[in-house]
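Residue-level listing of the chains:
There are 2 protein chains.
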Amino acid sequence: MTVQQTCEYLQGQDRILILCHQSPDGDTLGSGFGLYYALRAMGKQTQVACSDPIPPQFGYLLPETMPSFDPQCVVAVDVADPQLLGKALSCWADRVDLCIDHHPSNRGYAARTLLRDTAAATAEIMIEIIRGLGVQPDVKIAECIYTGLCTDTGCFQYSNVTSDTLRTAADMMDLGANAYRINRQMFSTKSKARIAMEREVLDSLVYALDGKIAAIAVTSEMLARTGARESELDGLSSIPREIEGVKIGITLRERPDGFKISLRTVERIDASVICARFGGGGHARAAGCFLEGTLESCRGKIIQAAIDACKEAGI
Amino acid sequence: MTVQQTCEYLQGQDRILILCHQSPDGDTLGSGFGLYYALRAMGKQTQVACSDPIPPQFGYLLPETMPSFDPQCVVAVDVADPQLLGKALSCWADRVDLCIDHHPSNRGYAARTLLRDTAAATAEIMIEIIRGLGVQPDVKIAECIYTGLCTDTGCFQYSNVTSDTLRTAADMMDLGANAYRINRQMFSTKSKARIAMEREVLDSLVYALDGKIAAIAVTSEMLARTGARESELDGLSSIPREIEGVKIGITLRERPDGFKISLRTVERIDASVICARFGGGGHARAAGCFLEGTLESCRGKIIQAAIDACKEAGI
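Taken in sequence, the protein lines are chains R and P.
With the first sequence counted from 1, adding 190 to any position gets you this note's numbering.
With the second sequence counted from 1, adding 190 to any position gets you this note's numbering.
Derived by calculation from the structure, the hints in this document are not laboratory data.
Just to be clear, a hint being listed does not mean it is correct.
Copies of the same chain look alike in the list, so a pair counts if it works inside one copy or between any two.
[Claimed, not checked] Pairs of lysine to any residue residues, derived as SDA-like cross-links and limited to a Cα-Cα distance of at most 20 angstroms, are as follows:
{"#": "1", "residue 1": "Lys-380", "residue 2": "Gly-425"}
{"#": "2", "residue 1": "Lys-491", "residue 2": "Ala-476"}
{"#": "3", "residue 1": "Lys-491", "residue 2": "Arg-467"}
{"#": "4", "residue 1": "Lys-382", "residue 2": "Ser-394"}
{"#": "5", "residue 1": "Lys-382", "residue 2": "Leu-399"}
{"#": "6", "residue 1": "Lys-382", "residue 2": "Leu-392"}
{"#": "7", "residue 1": "Lys-380", "residue 2": "Gly-344"}
{"#": "8", "residue 1": "Lys-382", "residue 2": "Asp-400"}
{"#": "9", "residue 1": "Lys-450", "residue 2": "Glu-482"}
{"#": "10", "residue 1": "Lys-382", "residue 2": "Asp-393"}
{"#": "11", "residue 1": "Lys-382", "residue 2": "Tyr-397"}
{"#": "12", "residue 1": "Lys-402", "residue 2": "Ser-381"}
{"#": "13", "residue 1": "Lys-380", "residue 2": "Val-456"}
{"#": "14", "residue 1": "Lys-380", "residue 2": "Asp-424"}
{"#": "15", "residue 1": "Lys-382", "residue 2": "Gly-425"}
{"#": "16", "residue 1": "Lys-382", "residue 2": "Val-456"}
{"#": "17", "residue 1": "Lys-491", "residue 2": "Gly-470"}
{"#": "18", "residue 1": "Lys-380", "residue 2": "Glu-457"}
{"#": "19", "residue 1": "Lys-491", "residue 2": "Gly-469"}
{"#": "20", "residue 1": "Lys-380", "residue 2": "Asp-393"}
{"#": "21", "residue 1": "Lys-382", "residue 2": "Lys-402"}
{"#": "22", "residue 1": "Lys-402", "residue 2": "Gln-375"}
Next comes chain R alone, as it looks inside the complex (with noise of 0.2 angstroms):
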């Protein structure tokens, strides 16, 4: 679907549920609540869902209060496959009358899609949307957008932005978002127990092969004596592979019976190809795959892999 035809679709709907996906991000609740604004000011019926609690530092997304309805549109937003609904609204996966996303893994599940994988976050997609729908965005949409475009970026940091990304989010901040506010509330802001986390994996850390080579650990133990969540260790296992002169990057996560080994690697050596030699896969860049035993094996296991892959690129 085009643009065009998304808003003429939504134009004819009334009563529109729009979907979040589970572990909801800034992306896919500021997309999701910022469709909702507009529909709302088009003096539609409208109402957001996710099957998670909404993470308390996006609280500034929500209205005051939501309407609860019987739908007559289903609409998922930057939800690239209907399991990503979550177990509360899986009812819903085979009933999505129209998908909006960037994810170029979408599985095309919806009745509709508007797919466009070039866009760095499903608000930057969204925001043309609800031009297209007619209607000014207001403070509320513009911080909602804004949200969107900041968190699935890395605060426009990661290679998916573009020059339009950026000038989205200039008009986001010239339509009154107040962007440093929400960089802080999503960049500056830690908790308690993901410091502890930071520590913890840090004082994990080693190196192999003269410093071309770094691990870390996430095990149960670490998780219980910081008492960190889930959502609370983005971004750890991008750690090794930011220090300088590591061309492997190793994270390496306790689950019940072994080791879930995240690899990241740099130009020349095949993430892929390591992780194929224990039964995981993945991407040239970032792979996995997953060891049994205790972390003292499996990172020495993971750790002789990357030794090996090195000297055969001769690294």
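Mind docking chain P on chain R? Use the hints.
Positioned in the frame of chain R, the structure of chain P alone reads:
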């Protein structure tokens, strides 16, 4: 001076020496080399100078060779105070013909000054000058300007960012600046010594008053153990204040006979008042002082003062 006046002045000059500030950052270098490439494109002789060696991560900004000559015109970029030229360039302190800057604290030391303190970076002003000179910015200039923009804003995260900043960055991407590569170089690469310091600093973290106060320490022992240099400590002092629920963030930095204290506070608590108790001062949200004694005694004193301030503020 206006941008137009600045351009008219530069058009009439040749043999232009461009001065950056000491401990050079991405903005002084990006603005300086951006101007350098523009003047060279106009057929003028030009040269960039800095008191300190240029950090290796900025290597991509440099030309292959730079001529040396007896300057007719001296331009300081992003230099708020002639003292910041550093020792090696102090001979030029009284002879700066033109200063281009965005610091509100600029001392007006140059014969001509173009100061715009609403610009997030000097690079934001510099691209206007380059265009005003009639130079069509190439990739090299675009990467210089983008570098200044992203480094002075923490990758578009700080309160100095305006929609103009984002649009200028978008323009630089359209001109071919590899924003992602620059971002990675600037923000996602940490030295092993820096990582080791982060670990040490997190190990030193203590909380007081139910987690409303957090203090970290940077001791000479830590520096010796990790081999971290001064430039690798950037941003460490913001760690305590970024922790959720923390109202006063304290950093103790060891000096020969005591500790230099940096205080960061949230609204309602005046950091400068707390520091004034110990003969220090600063701003309401960020202030400093010096305490003689051991880590334990200095930390005890400043934490007690912070507790008092919280109680007075009813926090």
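- Status of Asp-424 relative to Lys-380 across identical chains (alpha carbons, at most 20 angstroms): Answer is both: 11 angstroms inside a copy and 18 angstroms across each meet the 20 angstroms cutoff.
- Message: Treating 20 angstroms as the Cα threshold, decide for Lys-382 and Lys-402: within, between, both or neither.
- Response: between (31 angstroms within a copy, 11 angstroms between copies)
- Item | Homo-oligomer pair classification [Arg-467, Lys-491; C-alpha up to 20 angstroms] | Within one copy, since 11 angstroms is at most 20 angstroms while 57 angstroms is not.
- If the cutoff is 20 angstroms on CA atoms, where do Lys-382 and Leu-392 land: within, between, both or neither? Let me know, please. The answer is both: 15 angstroms in one copy and 11 angstroms across copies each meet 20 angstroms.
- Message: I want to check one pair: Lys-382 and Asp-393. Are their C-alpha atoms no more than 20 angstroms apart within a copy, between two copies, both, or neither?
- Response: Result: close both inside a copy and across copies, 17 angstroms intra and 13 angstroms inter.
- For Lys-491 vs Gly-470, is the C-alpha pair at or below 20 angstroms within one copy, between two copies, both, or neither? So Lys-491 and Gly-470 pass the 20 angstroms test inside one copy only (14 angstroms; across, 54 angstroms).
- Task: Indicate which option fits the pair Lys-491, Ala-476 if close means a Cα-Cα distance not exceeding 20 angstroms: within, between, both or neither.
- Result: Within one copy only: 18 angstroms inside a chain, 48 angstroms across chains, cut-off 20 angstroms.
- Message: If the cut is 20 angstroms between Cα atoms, do Lys-380 and Val-456 qualify within a copy, between copies, both or neither?
- Response: between (28 angstroms within a copy, 15 angstroms between copies)
- Are the CA atoms of Lys-380 and Glu-457 at most 20 angstroms apart within a copy, between copies, both, or neither? Close across copies (18 angstroms), not inside one copy (32 angstroms); limit 20 angstroms.
- Given a CA cutoff of 20 angstroms, do Lys-382 and Tyr-397 count as a within-copy pair, a between-copy pair, both, or neither? between (27 angstroms within a copy, 10 angstroms between copies)
- Message: As a check of your reading, is Lys-382 near Val-456 (CA-CA no more than 20 angstroms) within one copy, between copies, both or neither?
- Response: Between copies, since 17 angstroms is at most 20 angstroms while 32 angstroms is not.
- Message: Cα distance capped at 20 angstroms. Does Lys-380 pair with Asp-393 within a copy, between copies, both, or neither?
- Response: both (18 angstroms within a copy, 16 angstroms between copies)
In summary, this structure violates none of the numbered hints.
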